Amino acid sequence: MTAILPAKSVADRLTTLFWRKPKLLLILLITPPLLWLGVVYLGSLAALLMQSFYSIDEFSGMVIPEFTLKTYAELLRPQNYDVIFRTLLMSAAVTLGCAILGFPIAYYAARFARGRWKAVFYLGIMLPLWSSYLVKVYAWKLILAKEGIITWAAEATHTSGILNAILSLPGIGGGSLSTSYIGMFLVFVYVWLPYMILPMQASLERVPTSMLEASADLGATRAQTFRTVILPLALPGVIAGSIFTFSLTMGDYIIPQIVGNSANFIGMAVYQLQGTAGNIPLAAAFAVIPILIMLVYLWIAKRMGAFDAL
Amino acid sequence: MHSDRASWALRLAAIGGLLFLHLPILLIFLYAFTTEERTYAFPPPGLTTEWFAAAWNRPDIWEALSLSLKVATVATALAMVLGTLVSAAMARATFFGRDQISLLIILPIALPGVITGMSLRSAFGIMDIPFSTLTIILGHATFCIVIVYNNAVARFRRLSGGVLEASADLGANAFQTFWHILLPNLGTALLAGGMLAFALSFDEVIVTTFTAGQQATLPIWMLEELIRPRQRPVTNVVALIVFAATFLPILLAYYLTRNGSETAGSGK
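Protein chains in written order, with the numbering used here: chain A, -15 to 294; chain B, 16 to 283.
Please keep in mind that the hints were generated in silico from the structure rather than gathered at the bench. Predicted model only: the values in this text are computed from it and were never measured. Think of the CB as a built atom: it goes at the ideal place given N, C-alpha and C, for glycine as much as any other residue. Hints may be right or wrong, so weigh each one.
[To be verified] Not the full set, but computed from the structure, chain A residues with beta-carbon under 8 angstroms of chain B: (1) I14; (2) I89; (3) I133; (4) Y174; (5) G235; (6) A271; (7) I275.
Only chain A is shown next, with the shape it has when bound in the complex (with noise of 0.2 angstroms):
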């Protein structure tokens, strides 16, 4: 019999042969981008593991290519234990700030932007959330300086004072606002605030209205229903949102940097002991404890619901 349809050309063949295995295209769909997360990031990781296992010799500077623990014993020294601790009092008081300031923009973008006000909204968020870090953290660099735009308002409004007197605060104070704990907070704040919002905007626009009209029903004031029923819907959201804040403060080493008093920070000592000190098992060492920290964050975050409001 002669055929009717014309010849199969290759692209036919294949078409068939998918049809026939899915799980061949799949497999040909999913290698090239596995192959590479797999060998550049997950290699990269196991290297990172690797190399803190490895100690550095004293005297040669070399690394020492042999299994030890000598080099996390030394993360427990008081100098790099105050890192520590220091890093993540700052990621927990700028979750807890982005959270705070956070909220009542995404309550409002939630709940009552309608129309153009929500497009306003959506793009107010997105632009800072994407927009260059660096030229945010300029941006505050400008704001905090000691000459800048805050000593002016402050003086065109004759509150000099009360500045003065939160930068002679103990602890957090200091010369001026760039160079104090309260500027850094400030800043990370700034940097990290969109990333805390979206999360909350979307378990907060997830909240049923009906649930609110029978809470209303029933009796409940507006404190009330914000307490007891859009808070607790809100958790996941605010939860999911401080995964970012808190790992991205946890490992950012630009802003303590350029603002602050020039105190030590995970980040920061992870980029200086590859750098200048060149002892990159110790650097290895301490970028390993934000990926435990962010695991067990991960774990309790996930229990908590978090992910849903992803």
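Using the hints provided, position chain B relative to the given structure of chain A.
Same frame as chain A, now just chain B:
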């Protein structure tokens, strides 16, 4: 009664928060024109455009800019190919290890950049790979994959499977379906993902400091100026350039995906 109107306090806090997010960036525009050379004095004593000319005549800035553009272009291209492939695989199929793969894709941006950077640095150290433009691209492409993936996978999910079946029923082979049906529907999402990946790569500094060696991308040039300010007025101009180079792609990405509901087959 349940009310649909926000209280004044909430409205004030929300709008105040938005202003807090935007006003600091506006300051960059003002400072690019200041006549003050040595400090960050506010208000600027005068305004001038001479720093734009000064920046224009700086070979080191041009060099850093061209390196940044090169890295961002290649990294984006790589990420678009890899991100599209993995999103095509993940969008419909369910298979063993799917959750682990999605975690693997997100990991490079879920973990702090310093870890990605330090990991790559460790690997280059162990394998004796010298720093080059290639090592920068390697790092950038890795964390850009997730950006393309996120955009593409969302569109794949909205795209009705019916149109693909219809195409097959009408006799198209897999490549014709890809070219005539899939690509036009995915196009804007891919472009938007590419734009965002480009913006992210162009601006990236944390991973780059670990993988660049002696080379300077524009953000690294800027970072050095931030740590040891030597030429503040030119840095102000560079900040403006970096801002524009990331801001425009983001805005474009927004307009490309704004009308996402018009995807074929989604009206059912």
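Here is what the structure says about each hint:
no.	hint	result
1	I14	4 angstroms, holds
2	I89	4 angstroms, holds
3	I133	4 angstroms, holds
4	Y174	7 angstroms, holds
5	G235	2 angstroms, holds
6	A271	4 angstroms, holds
7	I275	6 angstroms, holds
When each numbered hint is compared with the structure, no violation occurs for any of them.
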